[in-house]
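Student: First to last, the protein sequences are chains P and E. Numbering-wise, our numbering puts 147 at position 147 of the first sequence, and it's gapless, one number per residue. Plus 249 on top of the position in the second sequence (first one is 1) and you've got our numbering.
In short, the hints are calculated from the structure, not lab data. Some clues are possibly wrong.
[Stated by the list, open to error] DSS-like, lysine-lysine: derived pairs with alpha carbons at most 30 Å apart:
no., chain 1, residue 1, chain 2, residue 2
1, E, K520, P, K236
2, E, K424, P, K169
3, E, K494, P, K20
4, P, K231, E, K520
5, E, K287, E, K494
6, E, K424, P, K16
7, E, K520, P, K169
8, E, K494, P, K16
9, P, K16, E, K520
10, E, K520, P, K241
11, E, K424, P, K243
12, E, K458, P, K50
13, E, K520, P, K20
14, E, K494, E, K426
15, E, K424, P, K109
16, E, K547, E, K520
17, P, K241, E, K527
18, E, K527, P, K236
19, P, K107, E, K424
20, P, K32, E, K287
21, E, K547, P, K231
22, P, K2, E, K426
23, E, K276, P, K216
24, E, K520, P, K219
25, E, K466, P, K165
26, E, K494, P, K165
27, E, K494, P, K241
28, E, K458, P, K243
29, E, K466, P, K236
30, E, K458, P, K231
[As the list claims (entries may be wrong)] With the C-beta cut set under 8 Å, the calculated list includes, among others, these residues of chain P facing chain E:
no., residue
31, M1
32, K50
33, E51
34, L238
We put the beta carbon where it would ideally sit given N, CA and C, even for glycine.
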Amino acid sequence: MKVLVTVKRVIDPYVKVRVKSDGSGVETANIKMTMNPFCEIAVEQAVRMKEAGIVTEIVVVSVGVPQSQETLRTAMAMGADRGILVDAPAGVEPLAVAKLVKAIIEKEKPQLVITGKQAIDDDSNQTGQMIAALMGWPQATFISNVTVNGDSAEVTREIDGGLEKLTIKLPAVVTSDLRLNEPRYVTLPNIMKAKKKPLEVLKPEALGVDVTPRLKTLKVQEPPSRSAGVKVADVKELIAKLKNEARII
Amino acid sequence: MAVLVIAEHDGRQLKPGFTNTVTAAAKLGEVTALVVGKEGADAAQAVAKVAGVKKVLLSEAPHYEGSSAENIAALVLTIAEQYSHLLAAASSYGKNIMPRVAALLDVQQVSEISAVESTDTFVRPTYAGNAMATVQSSDRIKVITVRATAFDPAGEQAAAPIEKLAPGPDVGLSKFKGAELSKSERPELTAARIIVSGGRGMGSADNFKILEALADKLGAAVGASRAAVDSGFMPNEYQVGQTGKIVAPDLYIAVGISGAIQHLAGMKDSKVIVAINKDAEAPIFSVASYWLVDDLFKAVPELTKELSS
Ligand SMILES: Cc1cc2nc3c(=O)[nH]c(=O)nc-3n(C[C@H](O)[C@H](O)[C@H](O)COP(=O)(O)OP(=O)(O)OC[C@H]3O[C@@H](n4cnc5c(N)ncnc54)[C@H](O)[C@@H]3O)c2cc1C
Ligand SMILES: Cc1cc2nc3c(=O)[nH]c(=O)nc-3n(C[C@H](O)[C@H](O)[C@H](O)COP(=O)(O)OP(=O)(O)OC[C@H]3O[C@@H](n4cnc5c(N)ncnc54)[C@H](O)[C@@H]3O)c2cc1C
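Work out the full structure, taking the sequences as your base and the hints as a guide.
Tutor: Structure (structure tokens):
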């Protein structure tokens with residue numbers, strides 16, 4: 001079966017983001033970018049399924065600026081077979097991403113689509129669910145396990161109260177949670193091999209999708225900072241502060 | 250404006266987060282609440298008594314077992330056009346269902362709002378809470394998830410009327426196979442007044458017992474960092490942070506947690522933060538109201554003991 005995985009290029013999670021002084025967004029110039037960690041987990045899952053003989057081909061898709069090709073190359077170095085970049089300005093909203101991915105699904109006809117559960121920049125947590133909705137397919141979000149059995153899959157979801165198990169019909173969309181797997185490191189020989197794998201670049205118009213944003217960002221601000229705290233010498237002082245100053249216990 | 254709030258429940262009890270979502274919804278218009286489930290009558294009674302709810306719609310059918318996103322979205326779609334705004338708490342329930350509803354309505358959802366500026370403008374945290382974006386939606390129906398910790402819970406009222414709503418179709422795309430829910434006598438993480446949270450510094454699952462003893466002394470919930478969950482010290486549903494639960498209790502005690510931005514994203518809005526760490530340079534101290542540089546294996550039992558005396 002064919003699997004389609006979406007990957008997004010984001011600011012590295014360990015970089016401290018800075019809000020631009022004019023309030024128009026966050027500083028992205030000269031900042032380390034990387035593949036969204038949840039997308040790495042999604043790619044890893046597809047590669048493991050291919051190694052297990054369940055999957056025959058892995059197509060990775062990214063929507064974004066031309067540099068997102070690097071992200072696709074990383075996914076191919078992990079083991080994906082080919083990449084598709086939808087060349088669009090930064091900030092395409094999840095609904096538009098989902099429409100673009102739908103157009104690609106209709107051409108590629110995968111049996112399974114794996115997305116990250118959230119992109120760590122915008123934290124929207126929407127795209128996978130939206131792809132499933134537009135396709136009329138089942139969705140299994142925040143998964144920590146997936147097993148394919150013929151034309152259905154057994155999945156375990158991480159929910160607020162614990163774990164939930166579902167059987168979903170294929171084709172379907174699943175979104176990866178942190179504990180689905182631990183992504184591999186890419187090796188130099190695989191990076192070299194990935195350079196030769198096919199990478200197609202498309203324009204949103206070619207897919208017949210209007211990516212005009214529905215949300216307008218009016219301003220972006222730093223969160224209010226906390227007032228400075230105090231160091232306490234020992235447990236007794238801590239309890240005294242909590243009782244008499246904070247009056248919380 | 251007419252606002253629909255989808256209430257999460259487990260067949261009997263209403264989940265925390267709903268009453269805060271009603272507070273956000275009441276700023277937008279008149280609130281109708283929707284209770285969907287295999288069984289929902291008890292939850293509907295509770296929903297009817299939440300101040301600000303003008304009417305409760307109750308839709309019960311076997312195909313809502315396990316809160317199927319596909320089936321609940323299909324039901325919401327049958328009534329969505331009567332409302333200007335559709336809201337749910339940004340819990341794993343709301344995050345699962347609302348984007349599906351939004352896409353079916355051709356609407357760009359506004360995720361996890363922390364403030365309502367007007368009927369079309371909202372504030373939402375991005376980049377793990379390091380950039381607060383004010384966004385304006387041009388969609389005809391606004392589909393929104395709400396960060397519960399950013400709004401006060403609504404109070405109580407004399408019960409609003411409950412009406413039956415005919416179930417929507419069973420789209421038959423997925424089947425619920427059961428859940429393993431954590432059983433705990435302690436308060437739920439997202440509803441607790443006090444949380445005692447442990448990190449990698451705890452060293453083992455067994456060592457969490459000293460935190461649990463402290464939590465029981467304080468009537469607190471127990472939480473964990475991702476490192477503690479990944480190391481198998483605690484189950485995943487205890488994780489606090491950008492990709493775990495967002496909490497804002499009156500008191501958050503972080504023990505053996507370094508304070509990575511992804512962890513801070515989940516707890517830095519707590520009223521009072523206490524940090525116990527043996528490293529005097531730990532970043533967690535930058536958000537702490539009170540911090541103690543000490544070995545946790547000494548400090549935590551001492552704290553429990555002092556609180557008992
Ligand atoms: C500060 C700030 C300002 C912004 N300003 C604007 C603005 O002015 N105008 C505007 O239109 N938008 C703006 N945005 C919106 C933003 O860039 C996009 O909406 C957002 O990147 C998409 O949401 P998400 O990635 O969080 O989706 P999620 O739903 O959280 O992503 C989940 C998964 O979907 C997949 N996915 C998501 N996006 C892509 C993609 N592009 N390619 C491939 N796979 C993908 C990935 O697998 C990902 O793991 C702004 C965002 C921020 C943080
Ligand atoms: C995409 C992504 C999402 C993430 N999401 C989350 C999330 O939701 N939540 C989250 O928590 N993390 C998250 N993380 C991980 C985060 O970056 C950190 O790795 C994690 O929070 C570290 O956990 P920790 O503080 O317990 O461990 P460490 O950073 O290892 O810190 C352990 C601390 O314990 C102290 N310590 C050790 N022994 C003792 C002792 N005996 N007495 C006192 N102190 C002691 C040490 O000094 C140290 O400060 C995410 C990361 C990524 C990339």
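Student: Going through the earlier hints one by one, which of them does the structure break, listed in rising order?
Tutor: Going through the list in order, the structure violates hints 6, 7, 11, 12, 20, 25, 31, 32, 33 and respects the others.
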